[in-house]
Amino acid sequence: MNAKLETAATAAPTAPIKRRERRNPLDYSSMRWMQIVLAGNFMFLYFPILALVAFSFNDSKRNITWQGFTLKYYEKAWNNIALHDAFMNTMTIATISTLVSTTFGTMLGLAIYRYKFPGKALYDGWIHLPIVIPEICMGVSMLAFFAAMNIPLGIFTITVSHIAFSIPFVAVVVRARMSGFDPSFEEASTDLGANQWQTFWNVTFPYMMPGVVAGALLAFTLSLDDFVITFFTSGPGSTTFPIKIYSMVRFSVTPEVNAASTALIVITLTLTITAMTIQSRSARRQGK
Amino acid sequence: MTEARKPIIRIRNITKRFGSVVACDNVDFDIYPGEFFALLGPSGCGKTTLLRMLAGFESASEGEIEIDGQPMLDVPPNKRPVNMVFQSYAVFPHMTVLDNVAYGLKVTGVPKAEARARAEEALGLVHLEGYGQRMPDQLSGGQRQRVALARALVKKPKVLLLDEPLSALDAKLRDAMRLELVRLQHTVGITFVIVTHDQDEALSMADRAAVMERGKVMQIAGPGDLYEHPNSRFVADFIGKVNVFEGKVSGVSGGRLAVEVGGMGRIEVPHDGVAQGDVGIAVRPEKTRLSKDRPASGLIVLKGKVTDVAYYGNESHILLDTDAGVQVTTTVQNEKRSTDAAMTIGDDMWISWSPEDTLVLNG
Amino acid sequence: MEDWRKSKAAFAIFMAPATFWLLLFFTVPLAIIWVYSFGERGPQGQTELAVSLENYARAVEWIPLKILWKSLWIATISTVICLLLGFPLAMGVAFAPKRWKNPLLLIVILPFWTNLLIRTYAWIAILRISGFLNFGLEWAHGLLDAGFGVIGMPGLMGEFQPLELLYNNSAVIVGLVYVNLPFLVLPLYATLEKLDKSYLEASLDLGAGQWRTFFSVTVPLTMPGIASGVLLAFILSLGTFLTPDLLGGTDSMMIGNLIAQEFGPSRDWPFGSALSFVLMYVTFFVLWLRATVASRSSGVGEAG
Numbered sequence: 007m008n009a010k011l012e013t014a015a016t017a018a019p020t021a022p023i024k025r026r027e028r029r030n031p032l033d034y035s036s037m038r039w040m041q042i043v044l045a046g047n048f049m050f051l052y053f054p055i056l057a058l059v060a061f062s063f064n065d066s067k068r069n070i071t072w073q074g075f076t077l078k079y080y081e082k083a084w085n086n087i088a089l090h091d092a093f094m095n096t097m098t099i100a101t102i103s104t105l106v107s108t109t110f111g112t113m114l115g116l117a118i119y120r121y122k123f124p125g126k127a128l129y130d131g132w133i134h135l136p137i138v139i140p141e142i143c144m145g146v147s148m149l150a151f152f153a154a155m156n157i158p159l160g161i162f163t164i165t166v167s168h169i170a171f172s173i174p175f176v177a178v179v180v181r182a183r184m185s186g187f188d189p190s191f192e193e194a195s196t197d198l199g200a201n202q203w204q205t206f207w208n209v210t211f212p213y214m215m216p217g218v219v220a221g222a223l224l225a226f227t228l229s230l231d232d233f234v235i236t237f238f239t240s241g242p243g244s245t246t247f248p249i250k251i252y253s254m255v256r257f258s259v260t261p262e263v264n265a266a267s268t269a270l271i272v273i274t275l276t277l278t279i280t281a282m283t284i285q286s287r288s289a290r291r292q293g294k
Numbered sequence: 544m545t546e547a548r549k550p551i552i553r554i555r556n557i558t559k560r561f562g563s564v565v566a567c568d569n570v571d572f573d574i575y576p577g578e579f580f581a582l583l584g585p586s587g588c589g590k591t592t593l594l595r596m597l598a599g600f601e602s603a604s605e606g607e608i609e610i611d612g613q614p615m616l617d618v619p620p621n622k623r624p625v626n627m628v629f630q631s632y633a634v635f636p637h638m639t640v641l642d643n644v645a646y647g648l649k650v651t652g653v654p655k656a657e658a659r660a661r662a663e664e665a666l667g668l669v670h671l672e673g674y675g676q677r678m679p680d681q682l683s684g685g686q687r688q689r690v691a692l693a694r695a696l697v698k699k700p701k702v703l704l705l706d707e708p709l710s711a712l713d714a715k716l717r718d719a720m721r722l723e724l725v726r727l728q729h730t731v732g733i734t735f736v737i738v739t740h741d742q743d744e745a746l747s748m749a750d751r752a753a754v755m756e757r758g759k760v761m762q763i764a765g766p767g768d769l770y771e772h773p774n775s776r777f778v779a780d781f782i783g784k785v786n787v788f789e790g791k792v793s794g795v796s797g798g799r800l801a802v803e804v805g806g807m808g809r810i811e812v813p814h815d816g817v818a819q820g821d822v823g824i825a826v827r828p829e830k831t832r833l834s835k836d837r838p839a840s841g842l843i844v845l846k847g848k849v850t851d852v853a854y855y856g857n858e859s860h861i862l863l864d865t866d867a868g869v870q871v872t873t874t875v876q877n878e879k880r881s882t883d884a885a886m887t888i889g890d891d892m893w894i895s896w897s898p899e900d901t902l903v904l905n906g
Numbered sequence: 159m160e161d162w163r164k165s166k167a168a169f170a171i172f173m174a175p176a177t178f179w180l181l182l183f184f185t186v187p188l189a190i191i192w193v194y195s196f197g198e199r200g201p202q203g204q205t206e207l208a209v210s211l212e213n214y215a216r217a218v219e220w221i222p223l224k225i226l227w228k229s230l231w232i233a234t235i236s237t238v239i240c241l242l243l244g245f246p247l248a249m250g251v252a253f254a255p256k257r258w259k260n261p262l263l264l265i266v267i268l269p270f271w272t273n274l275l276i277r278t279y280a281w282i283a284i285l286r287i288s289g290f291l292n293f294g295l296e297w298a299h300g301l302l303d304a305g306f307g308v309i310g311m312p313g314l315m316g317e318f319q320p321l322e323l324l325y326n327n328s329a330v331i332v333g334l335v336y337v338n339l340p341f342l343v344l345p346l347y348a349t350l351e352k353l354d355k356s357y358l359e360a361s362l363d364l365g366a367g368q369w370r371t372f373f374s375v376t377v378p379l380t381m382p383g384i385a386s387g388v389l390l391a392f393i394l395s396l397g398t399f400l401t402p403d404l405l406g407g408t409d410s411m412m413i414g415n416l417i418a419q420e421f422g423p424s425r426d427w428p429f430g431s432a433l434s435f436v437l438m439y440v441t442f443f444v445l446w447l448r449a450t451v452a453s454r455s456s457g458v459g460e461a462g
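Chains as they are written, first to last, in this note's numbering: chain A, 7 to 294; chain B, 544 to 906; chain C, 159 to 462.
By construction, these hints were calculated from the structure, which means they are not laboratory data.
Errors might be hidden in some of the hints.
From the structure, some residues in chain C lie toward chain A, with a derived Cβ separation under 7 Å [claimed, not checked]:
{"hint": "1", "residue": "W162"}
{"hint": "2", "residue": "I190"}
{"hint": "3", "residue": "I191"}
{"hint": "4", "residue": "L243"}
{"hint": "5", "residue": "A254"}
{"hint": "6", "residue": "W281"}
{"hint": "7", "residue": "L362"}
{"hint": "8", "residue": "G414"}
{"hint": "9", "residue": "I417"}
Counterexamples of contact, computed for chain C against chain B with all Cβ distances above 12 Å [stated by the list, open to error]:
{"hint": "10", "residue": "E160"}
{"hint": "11", "residue": "L181"}
{"hint": "12", "residue": "V186"}
{"hint": "13", "residue": "L211"}
{"hint": "14", "residue": "P222"}
{"hint": "15", "residue": "K224"}
{"hint": "16", "residue": "V238"}
{"hint": "17", "residue": "L263"}
{"hint": "18", "residue": "I284"}
{"hint": "19", "residue": "L291"}
{"hint": "20", "residue": "F318"}
{"hint": "21", "residue": "Q319"}
{"hint": "22", "residue": "G422"}
{"hint": "23", "residue": "D426"}
{"hint": "24", "residue": "F435"}
{"hint": "25", "residue": "S453"}
Remember, predicted model here, so these are calculated numbers, not experimental data.
Beta carbons are placed, not taken as given, at the ideal position from N, Cα and C, and that holds for glycine.
Please put together the full structure from these sequences, using the hints given.
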């Protein structure tokens with residue numbers, strides 16, 4: 007009671023001195039110039055995409071000034087048979103590529119995590135090659151390969167190539183996930199009487215699962231988005247969505263292309279955010 | 544006597560909030576030139592925040608800090624006449640030891656040759672002659688700390704700030720370093736402000752210490768006063784071991800306080816402050832005596848049953864359940880080399896101490 | 159880790175499918191173009207095997223060399239711009255309050271997950287003659303014009319001429335910066351985030367200003383991250399095909415486009431193969447450089 011009265015009495019006449027709290031010297035993100043730099047960077051990163059998305063809804067062919075909201079270009083893109091076919095091709099390829107590359111990549115990631123063998127460093131370098139070499143080199147080599155084997159270019163050749171560049175990505179993700187695995191979990195399981203097989207399915211596999219899901223979603227996105235390698239391995243009748251957009255883009259900038267692009271952005275972002283959520287959720291659970 | 548001098552640091556009504564958390568709550572005291580001053584408290588009490596405000600890495604939400612008569616409100620860390628030894632030492636890993644020590648001189652425009660000479664001299668001060676060309680990763684933790692010390696001292700600051708300087712060292716090195724820091728402070732004559740959570744460290748090194756708890760300064764005093772005259776339960780308990788009994792004041796007369804304590808009856812203790820209502824009656828374990836028979840009058844006595852005897856070599860700690868309903872710890876010096884303990888668990892003993900050794904704790 | 163000999167069967171089952179796939183559909187194709195790179199182009203554009211270094215000799219002739227040089231040059235400029243934009247960006251995110259870090263990081267990498275082709279196409283809409291940038295410039299021009307009219311000097315600005323912003327080297331550089339910025343920011347952010355902030359505080363405490371601290375402490379201590387990001391952005395720019403193809407002009411051909419041309423319209427596969435290997439060797443050299451920098455500065459920033 008007393009103390010309350012006292013503080014009230016002293017506070018009243020000398021109203022609290024309002025002053026700007028000087029910032030901490032390393033608190034760059036609350037400094038004005040840094041905020042301007044960040045805002046500028048974010049604008050640079052987002053303006054092109056947002057403009058593209060916004061003008062897919064613009065009721066104008068010239069698509070530079072806003073003429074009102076419309077969905078007609080989505081309708082047009084949807085009814086565009088060639089675009090529709092390309093989309094179905096892309097989905098078929100991405101699905102098969104994801105299934106195969108996730109299976110093989112997961113096995114590979116697990117084997118590299120688990121076993122030590124002669125020449126491992128070299129092998130490791132080799133499976134990273136598809137990630138680091140320029141896409142154009144891989145694209146033309148696939149073209150030369152299929153030509154030399156007399157295999158006609160089409161859905162099959164695209165899928166085979168997508169699997170080849172997706173396997174290393176899946177393996178890397180799965181292996182990174184396993185590097186946080188404590189081998190004593192397996193030892194505890196064996197100690198409690200489980201055999202190797204039971205231990206794998208009940209202990210190792212559940213731990214590995216978020217990595218597999220993330221790897222699969224990555225493989226799916228990579229396949230969905232790939233342009234360069236697909237460009238060299240596709241033939242007539244096997245046009246994919248990005249290839250179709252490419253040919254439309256070369257022709258002209260139309261709201262229809264914007265609508266198709268927006269659809270692809272939405273699909274990719276949904277998959278990516280799902281993958282990130284799964285990863286961060288399992289990371290949080292593991293952290294506890 | 545120190546109060547007569549002009550303070551080197553004036554901390555005036557400093558409050559620091561992080562969102563809704565109050566790290567420092569209306570802190571207000573002075574530090575005098577040449578003092579070895581400790582900020583002591585449990586983790587999260589605001590002592591490090593206060594030190595960082597002195598260095599300029601945090602700014603106060605309210606209040607004012609003056610160093611050497613200059614208000615520090617708008618002075619960035621690189622313009623303050625203080626230097627800091629970081630808890631992690633922060634010795635730059637990409638520079639040699641000599642470059643580390645000379646860094647603070649070079650960046651403020653001291654000519655290269657002079658900076659070098661002064662850096663060598665500072666390395667001598669911390670007994671690291673000849674280590675100048677080594678890289679920090681070739682040094683032990685203790686040596687790295689000396690580099691950090693030399694690097695700060697070479698700037699000849701008005702105040703040297705040390706953030707938990709001994710916490711990363713092992714026990715043996717820590718004892719040696721305590722003496723070393725005190726020696727160093729005598730040599731250079733600079734005011735040292737040290738942050739520590741270790742009461743032994745504060746008591747053995749500091750001239751004065753401020754004990755902090757939840758952002759508030761509980762007591763500022765010399766080591767002896769903090770130990771023998773703590774002003775609160777928190778300080779008594781945080782610094783050393785203490786046995787506390789709950790009592791009720793029943794009378795005051797001529798510098799003596801009469802207190803009613805359960806299991807002890809009415810006791811009289813010397814006390815020169817004001818006290819009323821519920822108070823804590825406390826005594827340090829080493830101030831108590833144990834005996835099989837009831838001691839002579841004039842002492843405060845209490846009956847108890849031994850529940851545990853912990854042997855520490857030079858002394859033993861005896862735990863007793865007392866009639867006061869409180870568990871009491873007493874220490875017994877093992878002055879004779881006899882292995883058969885004078886007492887065993889289950890023995891009934893009398894605990895006694897002089898009224899002069901009794902602490903009266905308000906609140 | 160187990161020795162593979164302890165469980166040979168399991169080891170083989172796990173390793174075989176991926177190894178087989180990568181051998182047949184990655185290594186064999188590369189081997190084929192490696193062999194082709196020593197071959198000759200037949201009269202109808204077919205590839206004839208041979209053992210000659212002529213294709214490599216041709217790769218260092220004036221025109222291909224000029225293209226290779228231009229590729230290196232464009233990759234360098236776009237990487238430098240990436241670094242200038244990316245460093246403050248990475249610092250802004252790494253030094254943000256804890257609860258802001260992940261949302262900010264997500265904002266930085268989200269565009270990186272949208273299709274490369276679409277991101278490049280988006281710039282066409284901005285840079286073309288009737289694009290957003292020229293539209294904005296015209297608007298600004300109109301404002302200035304009106305302004306000069308008010309102060310009594312009408313017509314000073316003249317007629318607005320839209321700028322030719324697309325189909326030139328600058329457009330390619332802008333596109334590459336846009337596409338590769340996240341690749342540079344991510345490793346940089348990772349090292350800045352791990353950097354013990356007390357090094358920077360110590361520098362400030364010892365009297366160095368913010369800029370001095372940045373160049374004497376922050377930059378040297380984050381060198382592995384800088385090198386990693388810069389070299390990544392560089393090899394991605396160097397091997398690009400799509401960006402110059404969509405945004406570049408007749409003068410903007412880079413090595414990737416030349417390779418595509420040899421495998422496409424020119425139908426000179428041996429020469430295209432040799433160029434592919436030149437590009438890969440340059441890429442490997444840069445990767446080797448990155449590994450060297452990383453191993454030399456390992457330990458820095460972790461001590462203490």
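Original post:
Checking against the hints above, which ones are violated?
Top reply: none
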